[in-house]
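Let chain A serve as the given structure and place chains B, C, D, E and F with the ligands on it in line with the hints.
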Amino acid sequence: MITYALVFAMACIGLGLLMNLWLLVRGPGRADRVLALDTMVINVVALLILYGIRQGTGVYFEASMLIAMVGFVSTVAYCRFILRGDIIE
Amino acid sequence: MLVEIVVCVFLVIGALFGLVGSFGLLKLQDTMQRLHAPTKATTLGIGGVLIASMLYFLLIKDSFSFHELMITLFLFLTAPISANFLAQTHISLRMKQSDLPESGGAYGWSLFDDPPVMEKPSEPAAPTQAPH
Amino acid sequence: MNHWIIAPVILPALLAPLIAFVMRHDIVLARAASSVGTLALLAISVGLTIMAANGGVHVYYLGNWPAPFGIVLVLDRLSALMVLLTALLAVIVLFHAIATGWDKRGNHFHALFQFQLMGICGAFLTGDAFNLFVFFEVLLIASYGLMVHAGGKVRLQAGLQYVVMNLVGSTLFLFALGTLYASTGTLNIADLIVKVQESNAGDDGLIRVAAMLLLIVFGVKAALVPLHFWLPATYANAPAPVAALFAIMTKVGAYAIIRIHGMAFGPENPATGSLISDWLFVLALVTTAVGAIGVFGARRLGSLLSYAVIGSMGTLLLAVSAFDPYAITTALYYLVHSTFAAAALFLLADLIIARRGNDWLGVQPATVQNGLFAALFFAGAIAMAGMPPLSGFLGKLMILDALRSPEVIGWAWTAILLGSLLTILGFAQAGSGLFWKSTASTPSDMGKAADAPGDQAKSDTDRLATTALAIAPSMIALCVLAALTVMAGPVTTYLEATSAQLHDSSNYVDAVLNGNSREEK
Amino acid sequence: MLRKLVPHPFLAVSLACVWLALVNKITLGNIILGGFLGLVIALITAPYWPGKPRVRDPFKVVGFVFLVMWDIVVANVQIALIILFKPTDKLKSAWITVPLELTSPEAITVLAGTITMTPGTVSATLSSCGRAILVHALHTDDPIAVRDDIKSRYEKRLLEIFS
Amino acid sequence: MFSENGLLPIIAILPFLGALVPGLMIRAGRNACASFTAIPTVLALVLLASLAPGVMSGTVYRAEITWLPQLQLSASFFLDGLGLLFAFMILGVGLLITLYARFYLSSKDPMGQFYTYLLLFQGAMLGIVLSDNILLLLIFWELTSLSSFLLIGYWKHLPEGRQGARMALTVTGAGGLAMIGGMLILGEIVGSYQLTDILAAGDQIKASAWYAPAVILILLGAFTKSAQFPFHFWLPHAMAAPTPVSAYLHSATMVKAGVFLMARMWPALAGTELWFYVVASVGLVTMVLGAVIALFKDDLKALLAFSTVSHLGLLTMLLGFGTPEAAIAAVFHIINHLTFKAALFMTAGIVDHETGTRDIKRLGGLAKVMPITAAIGTVAALSMAGFPLFNGFLSKEAMLHEASHTTWWENPWIVGALATLGALFSVAYSLRFIFHVFAGPVRDDYPAKPHDPGFGMWAAPAFLCVFVIAIGVAPFLATPVVKMAAEAVTGEDLSFYLKIWHGVNTALLMSVAAIIGGVILLVAHRPLERLWATMPRPEAKTIFDSLITTTQQVMRWLTGMLHQGAISRYLAIFVAATVVLGLIAFSGGAMGPATRDLTPVPPVAFVGWMLLMAAVAMVVLFHRMRFRALVVIGVIGLMISVGFVYLSAPDLALTQISVETVTILLLLLALHFLPKQSPHESGPARRAGDATLAVMAGVAVAALAYSFMMRDFSTISDYYLANSKSGGGGTNVVNVILVDFRGYDTYGEIIVLGIAGLCIFALMEALLNGPAGRKLRKAEFGPDRSRDRHPLMMVVATRVMLPIALMVGVYIFLRGHNQPGGGFVAGLIFSIALLMQYMASGFAWTTRRQRIEYHSLIGFGVVIAGLTGVGSWLAGRPFLTSNFGYFEIPPIEEFELATAMLFDLGVFLCVLGAVMLILYSLSRLARHAGETVNNEPIDYDPSRSVQASSSTGKGA
Amino acid sequence: MELLVASAVGALTAGGVYLMLRLRAFAVILGLALLSYAVNIFLFSTGRLAVAKPPVLDGYTVSDFGAYTDPLPQALVLTAIVISFGMTAVLVMFALGAYLEAGDDKIDMDGPDQPDRQIAATTPQGSESDGITFGFEPRERDA
Ligand code: NA
Ligand code: NA
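Protein chains in written order, with the working numbering: chain A, 1 to 89; chain B, 90 to 221; chain C, 222 to 742; chain D, 743 to 905; chain E, 906 to 1861; chain F, 1862 to 2004.
So here's chain A without its partners, still in its complex pose (with noise of 0.2 Å):
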C-alpha cells in the first residue's frame, strides 16, 4: 500500500514540477520566475524524502537538506540582484 501511497505522491509531486516548469516558461515577470524555481527546490526536497522512503535509505537526507538550504540561498541572491544589483554590499 505504501508503494501506491508512494508512487502517488510521486506523480503529484511530478505534475507539479511540470506546472513549475511552465511558470517559469511562461513567467511572466522575473519574479515569477524566480518564484516558480524557489517552488521546483521545494517539490525537489520532497521528491527526495519520497525516495528515500521509497528505498528505506537515509543516504540521501544529507542532498535534500543541503538542496533546502541552497535553494534558499539563490532565491534571496536572485531577488536581491533585482533589488540592488549588487548581492553583497
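Worth double-checking, as some hints may not be accurate.
Said to hold, decoys possible - Residues from chain F that face chain C, not an exhaustive set, calculated with beta carbons under 8 Å:
id : residue
1  : L1896
2  : I1944
3  : V1951
4  : A1956
5  : A1959
6  : M1970
Simulated from the structure, these hints should not be mistaken for laboratory data.
Ideal placement from N, C-alpha and C gives every residue a C-beta, glycine not left out.
Relative to chain A, chains B, C, D, E and F with the ligands alone:
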C-alpha cells in the same frame, strides 16, 4: 496495517498539498497572488511527507529517525524570507509607492524610502579595514 | 622508494603558498624564496636525470597503493629530461623577470610561477591519465594568472580568449578520458597500454575515438593547426617572461602525445593502426606551413615569434608523427632546442621592446645598445629559423633525415624546407627593420665608442653594465643552444636511449604494474 | 568571563539539538560532542549576532508555536479550496498596512514569518523605520479585520514573549 | 702524420676564433684592429702552406672529430688539390681585402663589426672547401649566406643595402635549403655523408632512381649561389655593399662556392646527359646574358657584377661539359678570374673612393690623374677581355676550344657560336671599362678631386696584377697548381701543359673574332645603348620585389584571415574539427553489439528529464536575457543534482548543488557590472550554422555515451570497493578514493582552487590600479534600486541560520569518510553560510568580524594537505600514504582518526578560503564603484532607536 | 534511462556549443557551464547507470561488488566539478576585467597583427572612456 494507513494518509496529504501549491502558481493571475501558493507546498506539503517519513522509519523500519526535522527547520526559517524577498522584487519591478497603502508613519515602505538615520551608531564608523 | 621523485611537485607546491601568503608584501623575500626554490628544483632535476640515466623506470606509488589502483609517478628518461628542461628554463625566466622587474608589476607573480612549475613537473611525472588532466589544469590555471599578470586591456582580452580556448580543451580532455575509461576500465597509463592491446575488437570504435580526442586535446596545447588559434594572441600579449615560460607549455602537449600516443596508440596497435600517425602528420604539415606563413607575414615582433613557435611545433610534431625510435629521438632534440630558442627570443624581444617602446616591425630609429641586441637577436633568429650553425639546424637536419619513408618524404621535406625559407626571410626582414636604421646615432656602437670621448664611452659602459643582469638570462638561453649544438652527439645519444626506452613499452608496463619498489602496506 | 565564553547559552543548547538531529541518534557521546560543537560555534558566530533578544516567558513560546501550527493547518485547507474552486476573477486580494508595536528585530521577523507561513497572507515589506508591515491578503472581504486579527492573535502574544 | 691532419680543424676554426678579435681590438684603434684581424688569416695561410707540399705530392689530409654520429654528421675535413687551391684563394684574397678595407672604410663605419663579419664569412667559405662531410659542408654553406647577409647589409643606412642583403639571402638561402634536400638524398643513395665516400660512388649515384632529384636540388643550391640564370639577379644588387665586400664575395669566394661545389661533386654527378644539358646550358645562357647586360651598365660595380655573372656562367658551362679538358679549363679560369676580377673591383672601389662616383658617364680621363690606378685597371680589364699575354686569354682560349668541340642537341656549332658571342661582349665591356674610365680627356666635373690613393689601397690590386701578367706570360708557372686542382676535380691523373701558343686553331679564330667584334661594339656603343634602352626587357629586381611583396601580402592576408581574433570562429573550427576527426576515428573501428539492457525509466525520472531538456532549450533561446538565463541555469543544476541522487551518486549531488549555488552567486556578482542583455549580433545564417554545428556535436556526444553505456566493461573499481574499509578506513568509497586512493588528484584539485583565488585576487588588484579602477569610481547606479540594503528580516534569519549552517558543515565534514559528504562540500557549506551573512549585513560589517584572512586559509589548506602527505615520509611511506585508527573516548562513541581526515581538513580550508577570496575580490570591485560602507548590520534597527531616543537624556 | 542520460548529455553539449559560439563573454560563460555539466554527466555515465546502489558500504567487508555502483567515475566527476568551478571563477573574473577595461564584453578581438594591437613597453594602457553605468533593467511592464 493501521501503521501503513497512517503513513499513506500523510503521504497523500503532503502530495496533494504540494500539487495544489504548484497548481496555484499556474492558476492565480497576479504575481502577488501566486506568491501565496508555495506556502502550501512548504508547510503542509513537505510537512506531510516529512511526517510520513519519520513515521515510516519509526514504525516500519524500526529505526528512530528525526533528522527530517532539520529540513522542516530550514524551510520554516527560510520560506518567509524568500516570500518576503519575492514580494519586494515584484513590488520593485511592477509597482509604485502610490499603488500601495500608506505605511501610516513618517517613513514610507523600505523599498522606496531611505531609512531614518540611526542616532547612535553601535560602534565607531571606522574606515573599513580590508582584511588584506 | 625514492621520495626525490615527487620533489619537483612538492617543493613548489609547498613554497608557493608560503610565498603567496607569508611573503606577499615583501618582494625581496619572495624573490629570494622563489629563486632558491627554482635553483633547488634545478638541482633536484639534475639528480633525477642522473638517476634515470641508468635506464631504469622508477615508479613512485602515491599513497602506497599498487598500480593501477593508486596514482603513480613514473620517472624514466623522458620525464626526467622534461623536468630538467622545465627547471632550467624556469631559472632563466625567473631571473629575467626579477632583473627586469616584471615580477613587481602585479600581484602574486612568484606564487603563480611556482604553481606553474608544480603543474608542469606534475604533468611530466605522472603515470596516470586522469592525474595528467589534473596537472594540466594546475599548470593552465597558473598560466591564466601569469598571462594577465600586470593587467591591461588587450592582455585581458587575449587572456580571456586563452582561458576560453583552454577550458574547451579541458572539457574535451574529460570527454576523452571518459571514453577511454568506458572502454578500458582503467586510468593508469601502463595499464592502458596493456588494456588497449588486449581490448576486444568490439571496443575499437571507442578506443579510436578516445585516442583521437586525446590527440586533439594535446594538439590544443601543442598548437597543432587548427587548434592553435589561441597561441598568437596569447604569446604576443603575455608578459615576456611568461611568454618565455610558455615555451615549455606547448612542449607539454608534444610530450603528452609522445607519451600516450607513442606508447599506447602507436601504429603497431591494432585498434588504432595508423589513424593517429596519419592525422598527426597531416595536421603537423599544415602547422608548419601556417607558422612559416605567419612569420613571413608578421608585422609585430610578438606575432612573429608566436608564429615561429607554431612553425617549430609543426616541425616537431612532424617528427613525432612517424612514431619510430629515430624520429622520436630527433623530435626530442628539436623539442629541447625549440624550447630554449623560443625562450631566448621572447626574453630578447622584451628587452628590445622596452628600448623601442613598441614591437612594430617597421624601420625605426635605432636605440641604445643597438648592435648588441642586433647580434643577440641574430643568434636567436638563426636558432629559431633552423639556420646553421646552431642547434635548430641540426634538429631540422635530423628530422629531415628521420622523415624518409616514401609516403611522407615529399610533403615533409617540402614543408620543412620551404617553411625554413619563409622563417629565415621573415626574421631577416624583422631584424633589418628593427636594427638597421642607422648606426650614426647610436652612441654605444662599437666603432663610435672607440672614437668617442672617454666620458661618453664610460657612461655607455655604465648603462650597459646596468642591463647586464637583464641580458644575462637571454644570453644563458643562447648559451644553452650553443651547448646543445656542440654537445649534439652526447645529447642525441641520451635521447636515443630515451626513445628506445619509450619504444619498448614493456619495461615501462612491467615497472609500473609489477614493480617491486612498492613497500608492503 | 563566562558570558564571553558562552555568549548565547540558549543557542548553544539549540545547536546541540541540531547536532543530534543531524546525526539522527541520541547517544551520550553525541550529546557531549554536540554540546561542545554548539558552544564553539555559538562562540564563533557571536560577533554576527550582536544584540540578544530577551525571551520573557518560554512557555508562551510553546503556546504560540502550537497556535501557529493549528492556524497553518486550517488556513491551508481554506486556501486550497480557494485555489482549486474559486474563479480567479472572484478573488479579492488586498494590501493591508499593519502598524507595529513590536520593536525587537527578532520579534518583528517572527511576526512577519508567521504572517507568511499562515496561508492567505504574505508579509511583503516593512516601512523603512520598522513601524509598520505591509501584508498582502489573497482573498478577503474585510482587510481591517485581517489587520486586527494579526495584531490580536499574533503580535499581542509576541509582545508578551519578547520583552 | 697525425699532427698534420690535425692542422685541418685548426685552420678551419681560426677565422671563427679570429672573429672575436676585431670587437676587442677596435678599442685599440683602427690600425690595430686591422692588423690583428689579419693575424688569424696569416696564421691559417702559414699552416696551409705547411701542408701544401704534401698535397702537391698527392697526399690527401683528413681529420675527423665526432659530432653527431646519429646523423653521420662529423666535423671531418679533408684537404686535396681543389680544397688547397680554394683555401689559398680564400685566405689570400681575404688578407688583401683586410688590407684594402683598412684604407677604404671611413672613420664613421664601425670597423670592428666589418672585420668580424668578414672573418665569419671567411671561416664559412673555408669550411665549405675543407669539409669532408656534406652535412658539415651544408652548415658552412648556409653560414656563407648568413654572413654575406651581414656583409652586404653592412651599410645599414642604405635601403639598397638592406634590400640587397635580403635579396641575396632569399635567393642563396632558398638554394641552400634545396641543396639540403639534395645532399640528404645523396647520403641516402650512398649510405654515407662522407664526401670521400660519395665521390667514390659516382656510378652508384648515377644509376640510382633518386639521381635526378638529387642533382636538381644540389644544382639549385649551386646555381643560386653562383648567380646562374635565372637566379643571377641578386648579385648586382649585392653591390650595395662596400667595395671590399664586393671584391671578396664576387671574385674569390661567395659566388665561387657554387662553382666549387659543382667541381667538388664532379666525379659523383657529372658526365650524364642530365648534367650536361642542365649545367652546360644554364652556364652558356648565363655567360652570354651576363656579358650583354654588362655592356650596358653605367655603374662600374654593376658592370663588374654582370661580368662576374658572365664569367661564372662560363665556369658553369665548362663544368657542365663533363670532360677532363673542360675541367682543366674551368680550374684555370677560376684562378685567372680571381686575380683580375678582385683587382678590378678594388680598382672600381678606388675610383669611387677618389672621384666620388662610379658612374661611367661621369668618368673618363682618369689615366692622367690616377696613373697607377689606371695601369692596374687596364691590366686587369685586358685580362678580363681575354687579350693575349694576360692570364684571362689563356683560360678563355681553353674555354673556346672546348665549346667549339661540343655538340648540343645534335648541333655541333651552336655552343661555339654562343661562346664566341659571349666572348665578344666580354671584350666590349672590358674595353669600355678601360676607355670610358681611364682614357680620354681629363674632365673638370668629377664629384671629388681625384688622385691616386696611398700605397695601402693600391697595393692589393697591384699584387694581383702581378699574377695576371705572370701567368699570362708564363702559364707553365700555374701548371702544377691547375694540375693538382683539376686532378682533384676529376679524380683522374691528367697530363697537360699550359702554354700561350697552340697554333692557329678554331679557338684562336673565335678569339680573334671576339676581339674584333668587341672593338666594333665599343665603337658603336652609343647607338647600341639607345637601342638597348628601347628594348623591352624584364627587370629582375622588379619581378623579384613584386614576387616577394605579393607573397608577403598573400601570406599576411592568409594569416590575418585565419587569425582574425574572432574566438567564436576559432571555437567553431575547433568543434567542427573534433566532430569530424571523432567521426573518422569512430567509423574506422568496429563497434560491438550492446551487451546491457536498458535501465527502466520511472515517470518521475522522465519528468526530471523533461525539465532538464526544457531548461537547456530555455537557456539557449533566452541567453540574451542574462538574468533569466541564470535562473534557468539554476533549474539545470537542480535537475542534475536530483539525477545524481537517483543514479546512486549522493556525493555528486551534494557537490553539484553547492558548487552550483556558489557559481550562481559568482555570476550574479559579475553580472552586476556587465550589461544585463546581449544585443542581437549574429544573423540568421550564422545562427543556423552554429546551431547545426552544435547539434552535430550534441548528437555525436550522445551517440558516444549511448554506445558505451550499452556495453559491459571490466574496471579496476572492484579493488576500491574491496579495500575502501580495510585499506582506507572509510565506507564512503567515493570519499576514500578522493582522499586516499587518488588523494593526489585531490591535492592537485585544491591547488587549482587556491590558484584560482590568487589569480582572481591579483587580477582584481590590477584592475583597481588601472583604468578600470578609475572607470569604476565614476560608475553610476540606476535610480530604481530598492532603498532597503540590509533587510531586517533577512538579517535576523541569518543570525539563526549561520550557526545552524556551520553545524551542518561540521557534520558533513566529519562524516564524509563514511557517508556522503567530506571536506569539499563542508567547505562550500561554510562558504555559503558566510555568504548569507554577507548578503544580509553587507560586506563591510561582516568583514570587520572576520578573524582569519582568506589568503591564509588557502595557504593553510594547501600546506596542511601537503604536509599530511609529506608526513608519511616520516614513516618511510610514499607521499599521501594514509594511516588510520579508531580512537575510543569512552563516553563518545567510536571516533575515527585517519590522516586522510587531516588531508580533508586541508581540502576544507582551501575550498573555504578560495571561494571567499573569489567573492571578496568581486565585491571589492563593487565597493570601489562607490558603494557606501555600512557600519550597521541592519539599515535601521527599531529597537535600538527606541533605546537611543529614550536614553538620550542620560548621555549614554 | 540510458537514452535519457545520453540525450541529456547531447542536449547540454549542443546547447553549450551553441552558446560558446556567441559573441558575448557572458553567453560563452553560460555555454561553458552547460558543457561542463555535459561532461560531468558523460564522465559519470562511464561507470554505467545503476539505481539505488550508492557506493557507501553497508558493512566492513564487501562480498557483492554488484551491490554498488562504480565509485571511480564519481570521484573523477567530483574532481572535475571542483576544477571546473575554479576555472569558471577565473573565467568570470577575466570576462569582467576585459569588460571593465575595454568597455564592452565582446569576446572577439582584433587579430594579433593589427596595427592598434601594439603593446606598450612598460605600462599597459586601456582605453579610458567614461565611467560605466551599472544599468538596471527598466521596470517590467505587464505582459
Ligand atoms: Na565526499
Ligand atoms: Na575532489
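Outcome of the hint check:
no. : hint  : result
1   : L1896 : holds (5 Å)
2   : I1944 : holds (5 Å)
3   : V1951 : holds (5 Å)
4   : A1956 : holds (6 Å)
5   : A1959 : holds (4 Å)
6   : M1970 : holds (5 Å)
Violation of the numbered hints given earlier is absent; every hint is satisfied by the structure.
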